[in-house]
Amino acid sequence: MADEEIEIEISPQGKVTVRTKGIKGSRCLDVAELFARIIGREESRQLTSEYYEQSAEVQNQVHVSNRYTGGDP
Amino acid sequence: MSSVIVLAPLIIGGWPVITAAVTAAIGTMGFSIATAGANDQRSHAANRAEIEVEESEIIPNQSGIEQTLVVERNGIRATFSRDARGALKVCMEGVGVSKAELKRVGEELLGGVTQQYAYHRIVSELKERNMTIVDEEVQADRSVKIRVRNF
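In the order they appear, the protein sequences are chains A and B. Position in the first sequence counted from 1, then plus 1, gives you the numbering used here. Position in the second sequence counted from 1, then plus 588, gives you the numbering used here.
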């Protein structure tokens, strides 16, 4: 979370480029689409390998569940 | 980097919003607001070029009176107004200036206005959502870069 950042660049012609950094999974698109609703029309989008990575929260939840298999303690 | 999205601003607002964007843009572009009555006699020798911002919608004021804003620089005059469809348009005029040059200057001016509109829209929204603006910078090519955290 500490490394998550959004970089917004507004060109002299008024074109807006929104770059999300350090945000894994589809959440980066949620953030970018928020700006699309604020600003106007989306012209193009490019997804990087970080988008396809699972976030750390999802990975940790999978490993916690199967420790106790039954029987008297 | 996770994603890169490119957006084209849709300018929507009342005349005060347009005036604010124009006023903010002209400062760095060498234009100034034309004083009322000064040089109002239009020369028949002046060339004219009109540019409409298609992706715009100016909300009319309740009085129904159409408003204009005139700025000028070195004999070139730019009149901002709302056209019949409600879009923003600028009429460029200049004596001894070609139509092509007027169009070029007009597009540069509109680019600056669009930039200022987008900047203020974005910053207002960031503040409303309590997002943290870490840094703002005007680059050498006059683009504005804003870094945001806590979203």
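Where hints are given, some of them may not hold.
Here are some, though not all, of the chain B residues that point toward chain A, as calculated from beta-carbon distances under 10 Å [to be verified]:
id: 1; residue: L595
id: 2; residue: I653
id: 3; residue: L657
id: 4; residue: V658
id: 5; residue: R661
id: 6; residue: C679
id: 7; residue: V683
id: 8; residue: V685
id: 9; residue: E695
id: 10; residue: G699
id: 11; residue: Y705
id: 12; residue: M719
id: 13; residue: V722
id: 14; residue: S731
Note that these hints are calculated values from the structure, not bench results. If you're wondering where the values come from, they're calculated on a predicted model, not measured in any experiment. No residue lacks a Cβ here, since even glycine has one placed at the ideal position from N, Cα and C.
- Status of the hint placing B/V658 at chain A (closest C-beta pair under 10 Å): violated, 21 Å
- Would the stated hint for B/V683 survive a check requiring a Cβ distance to chain A of less than 10 Å? Given a least distance of 27 Å, the restraint on B/V683 is violated.
- Item | chain A contact restraint on B/S731 - CB to CB distance below 10 Å | holds, 5 Å
- chain A contact restraint for B/L595 - C-beta distance below 10 Å: holds, 4 Å
- Message: Restraint: B/M719 near chain A, CB-CB cut 10 Å. Satisfied or not?
- Response: Holds. Min distance 8 Å.
- Query: Close enough to count: is the Cβ of B/I653 nearer than 10 Å to one in chain A?
  - Reply: violated, 28 Å
- Let me know if the C-beta of B/E695 comes in closer than 10 Å to any C-beta of chain A, holds or violated. holds, 8 Å
- Message: Please check whether B/G699 passes as an interface residue: C-beta within 10 Å of a C-beta belonging to chain A.
- Response: holds, 4 Å
- Item | Satisfaction of the B/C679 interface hint, Cβ to chain A closer than 10 Å | violated, 20 Å
- Task: Let me know if the C-beta of B/L657 comes in closer than 10 Å to any C-beta of chain A, holds or violated.
- Result: violated, 18 Å
- Message: Can you verify the interface hint for B/V685: is its Cβ closer than 10 Å to any Cβ in chain A?
- Response: Result: violated, 21 Å to nearest chain A Cβ.
- Hint status (Cβ of B/V722 to nearest Cβ of chain A, threshold 10 Å): holds, 7 Å
Checked against the numbered hints above, the structure violates hints 2, 3, 4, 5, 6, 7, 8; every other hint is satisfied.
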